[in-house]
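The hints should help you fit chain B onto chain A, whose structure is shown.
Just so you know, the sequences run in chain order A and B. All residue numbers for the first sequence refer to the working numbering, where the first residue is 13 and numbers rise by one. All residue numbers for the second sequence refer to the working numbering, where the first residue is 53 and numbers rise by one.
There's no promise every hint is true.
[Stated by the list, open to error] Below, in silico cross-link-like pairs of lysine to aspartate or glutamate (DMTMM-like), each with a Cα-Cα straight-line distance of 25 Å or less:
(1) B:LYS125 - B:GLU258
(2) A:LYS151 - B:ASP98
(3) A:LYS151 - A:GLU66
(4) B:LYS105 - A:ASP55
(5) A:LYS181 - B:ASP98
(6) B:LYS109 - B:ASP306
(7) A:LYS181 - B:ASP132
(8) A:LYS117 - B:ASP263
(9) A:LYS193 - B:GLU258
[As the list claims (entries may be wrong)] Short, incomplete list of chain B residues facing chain A, as computed with Cβ under 10 Å:
(10) ASP104
(11) TYR253
(12) ASP263
[Claimed, not checked] Computed, partial: chain B to chain A, Cβ under 7 Å:
(13) ALA265
(14) ASP266
(15) SER267
(16) ASP277
Keep in mind that the hints were calculated from the coordinates and are not lab data. Backbone N, C-alpha and C define an ideal beta-carbon position, used for all residues, glycine too.
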Amino acid sequence: MSDFAFTRRTVLGALGAALILPQSALAFSSAQAESLIDKAVADINAIINSGKSEAAMYVDFEKVLVRYADMPNIARSVLGPPARSASAAQLRSFTKAFQAYVARKYGSRFREFIGGRVEVNSTQKINSIYDVRCTAVLKGEPPFAISFIVHDKAGKFIDLQIEGISLLKSERSEIGAMLDKAGGNIDKLAAALS
Amino acid sequence: MTLSPLRPLLAKTSLFAGVIVLAGCATPGPDGIADPYEEVNRGWHDTNVALDKAVIKPVSTAYGTVVPDPLRKGLSNVSDTLGIPGSVVNDVLQLRFGDALHNTARFAVNATIGIGGLFDPATGMGLEERDADFGETLYTWGMGEGAYVVLPLYGPSTERDSLGLLVDIALDPVGNLLGNPEKGYKTGLKVADLADTRYRYSDLYESVIYDSADSYAQMRLTYLDNRRYELGTPIVAGAGAADQEAAAFDIYEDFYE
Chain A
13 MSDFAFTRRT
23 VLGALGAALI
33 LPQSALAFSS
43 AQAESLIDKA
53 VADINAIINS
63 GKSEAAMYVD
73 FEKVLVRYAD
83 MPNIARSVLG
93 PPARSASAAQ
103 LRSFTKAFQA
113 YVARKYGSRF
123 REFIGGRVEV
133 NSTQKINSIY
143 DVRCTAVLKG
153 EPPFAISFIV
163 HDKAGKFIDL
173 QIEGISLLKS
183 ERSEIGAMLD
193 KAGGNIDKLA
203 AALS
Chain B
53 MTLSPLRPLL
63 AKTSLFAGVI
73 VLAGCATPGP
83 DGIADPYEEV
93 NRGWHDTNVA
103 LDKAVIKPVS
113 TAYGTVVPDP
123 LRKGLSNVSD
133 TLGIPGSVVN
143 DVLQLRFGDA
153 LHNTARFAVN
163 ATIGIGGLFD
173 PATGMGLEER
183 DADFGETLYT
193 WGMGEGAYVV
203 LPLYGPSTER
213 DSLGLLVDIA
223 LDPVGNLLGN
233 PEKGYKTGLK
243 VADLADTRYR
253 YSDLYESVIY
263 DSADSYAQMR
273 LTYLDNRRYE
283 LGTPIVAGAG
293 AADQEAAAFD
303 IYEDFYE
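The shape of chain A in the complex, shown without the other chains:
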């Protein structure tokens, strides 16, 4: 069963992106942003319907995050100002712990997606980001909106919004609270996350 319906438009869009890529390697385009999310969504759809164990699915989710999302900068952003005084090694180990935490936390949510699918609808450019709008169609649920926020600079996504709820903002708040609990110590926070 194919759970991700490639529409003719998205296939053509992806094809178009591949054709113009050599000429415009610097500027990212709407078509590229959309084809990136097309691929990410196809990978996610494949994972949630793979029938693998949950632990194996989390490992696969983490790979998707690393491939399609700018995890080092998302990790830096959720840490906020304390990231500036952290060493490169500290940031690296925090990023590693953070991405495993995200894969686990949201991967367990994706269980509800089994048998469902995510469709990519449209892409809109707003200043330096692309808002790639999708619809999640789950069994026995009214469809709901998901937006991937792709940044021009990295060519990867930096946030995911579900019905207006930003996971970046949500994790900024959550990691901020955890950092407080760890007495502002990033190493302790990283240890608590893993």
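Same frame as chain A, but now just chain B:
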């Protein structure tokens, strides 16, 4: 039509006219959240979580375990259907006549073919759920969101949405037509609907309430982000549609600085 169902409503609205004035004044912080009552709110949040643990969770788990899924779904459908006339009133107050017609047709279909609302054939006919509430009506009329508040039992809200909730309770077109004890049955259905929702989404709900480092902050952010998205709240007062859109994405502008 007599004015009698409106009288308690008018009494209640004038009582809360003071709240309207207050709601315009709350200034949001740099994170876009106005929470001057944080201390009181956190108190109610803790009470609500304790109440969930002691009563709501066990009751909804029992309800979800004992009553089979199709029956729970059916009862929730009836409760939703009884709420549609309230949405129609709000659609009209917001001058959204297309939605008023949509919801009227939805009500007519589900109340008849849907056997008093037990089933929801309307959604399959393109008459999907389109809720409207008085908080939204107040937004449409230009009232500010006001401060964030946590209501006892009910949970996250804003000053505007709390006022809207009170008006919706007073307005309740179906409830006001029903006498006793039918009005009580309607309330019972609403409680059953809430218990069903609590049971159906227990994993999601509990991951926020019980597994967060700061569940208060998570609830506040989730409620406000989602509610503003639902309403399409302008972020910059008086700016055009394009600026509004850009402002919603401002949080990403300094991402790489």
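> Hey, does the TYR253 of chain B contact hint survive, CB to chain A under 10 Å?
Replying inline: Constraint on TYR253 of chain B satisfied, holds at 9 Å.
> CA of LYS117 of chain A to CA of ASP263 of chain B, is that 25 Å or under?
Replying inline: Given that 25 Å is the threshold and the Cα spacing comes to 10 Å, the pair holds.
>> Checking one constraint from the list: CA of LYS193 of chain A to CA of GLU258 of chain B, max 25 Å. Satisfied?
In response: Holds, at about 21 Å.
>> Checking one constraint from the list: CA of LYS109 of chain B to CA of ASP306 of chain B, max 25 Å. Satisfied?
In response: Not satisfied, since the Cα-Cα distance of roughly 42 Å exceeds 25 Å.
> Measuring from the C-beta of ASP277 of chain B to each C-beta in chain A, is the shortest one below 7 Å?
Replying inline: 5 Å, holds
> With a cut-off of 7 Å, does the beta carbon of SER267 of chain B approach a beta carbon of chain A closely enough for the hint to hold?
Replying inline: Hint on SER267 of chain B: violated, closest Cβ of chain A at ~9 Å, above 7 Å.
>> Tell me if the interface restraint on ASP263 of chain B is satisfied: Cβ within less than 10 Å of some Cβ in chain A.
In response: For ASP263 of chain B, the interface hint holds, since the closest Cβ of chain A sits about 8 Å away, which is under 10 Å.
>> Please check whether ASP104 of chain B passes as an interface residue: C-beta within 10 Å of a C-beta belonging to chain A.
In response: This hint is violated: ASP104 of chain B lies away from chain A, its Cβ roughly 20 Å from the closest one there, beyond 10 Å.
> Quick one, are LYS151 of chain A and GLU66 of chain A close enough, alpha carbons at most 25 Å?
Replying inline: 20 Å, holds
> Taking 7 Å as the limit, does the beta-carbon of ALA265 of chain B come near enough to a beta-carbon in chain A?
Replying inline: The hint holds - ALA265 of chain B has a Cβ within 7 Å of chain A, the shortest such distance being about 4 Å.
> CA of LYS181 of chain A to CA of ASP132 of chain B, is that 25 Å or under?
Replying inline: 32 Å, violated
> If you draw a straight line from the CA of LYS181 of chain A to the CA of ASP98 of chain B, is it 25 Å or shorter?
Replying inline: Cα-Cα ~23 Å, so holds.
Against the hints set out earlier in the document, violations occur for numbers 2, 4, 6, 7, 10, 15.
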